[in-house]
Amino acid sequence: MTGGANRVHADLDALKGFHEALVRFRYAQRGVAERGDGEIEMTRASLAAKASRWQARLEQHQAELEACRAGGGEDVPDCTAYARAVEQAGERLEHIRRWQQRVDQEAGEFGGTASGFRDLLEADLPRAESQLLAIISRLEAARRVPAGEA
Amino acid sequence: MHTRPDREGDEQFRLLGAAWEEAVPHWQDEVARRFETDHWTPLVQRSRAYLEALRTLMEVLETAGHDTEF
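Chains as they are written, first to last, in my numbering: chain S, 1 to 150; chain C, 1 to 70.
Okay, chain S solo, but in the shape it has when bound (with noise of 0.2 Å):
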């Protein structure tokens, strides 16, 4: 059977480990947050390096194509391979453009879905924290109260 004291021993047990949860989910949610940001920076500078580095290409590409255009004298040039190079450079980097975009568009959506996270991180779990603590504060105070005098 289980008695007063005992339930309140167990009433304390089970709510000191919710709040030591609570505790652990803020700071590993904090670190989420961070991780998630990290992760958007890192794309954005992994596109603009891949931006930057298929510019080159498409400029590279094309002086070529203008060399093998002015390099024919009499002849008429074959340079269709220098033309097929510029065209798929720069569909590369539009492609890569796109999805700049696309990311800096999701990102911006993302960002207050996460601001309001944030929020709840740094301001609300803390509150919930603070309440959950005086609550058990008051069920040690009650145990120590003698049956009787209550």
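If you are wondering where the hints come from, they were derived from the structure by calculation, not from laboratory data. Values in this document were obtained by computation on a predicted structure and should not be read as measured data. For every residue, glycine included, the Cβ atom is placed at its ideal position computed from N, Cα and C. Errors might be hidden in some of the hints.
Here chain S is said to cover these stretches of chain C; the calculated rule only asks that three of the stretch's residues, wherever they fall, bring their Cβ under 8 Å from a Cβ of chain S [stated by the list, open to error]: (1) 25-35; (2) 40-48; (3) 51-62.
We have chain S already, so just place chain C on it with the hints.
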């Protein structure tokens, strides 16, 4: 290899939910009901919304990386 942040967030959310489920049977009074309404339910709703948005974004970022590998 790092776990994707949204998956890590899901796991932490699952652990918190388990701690709540463990506490609830031992905590059945008016204070508990108020705590659930004022703190727990909003925490669950906002965490779910955030983790869902984070998952969607991480998938976009992953696809962006793969799709621009030439």
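Hint check results:
1. 25-35: This one holds; 5 residues, not fewer than the three required, reach chain S with a Cβ under 8 Å.
2. 40-48: holds (count 5)
3. 51-62: holds (count 7)
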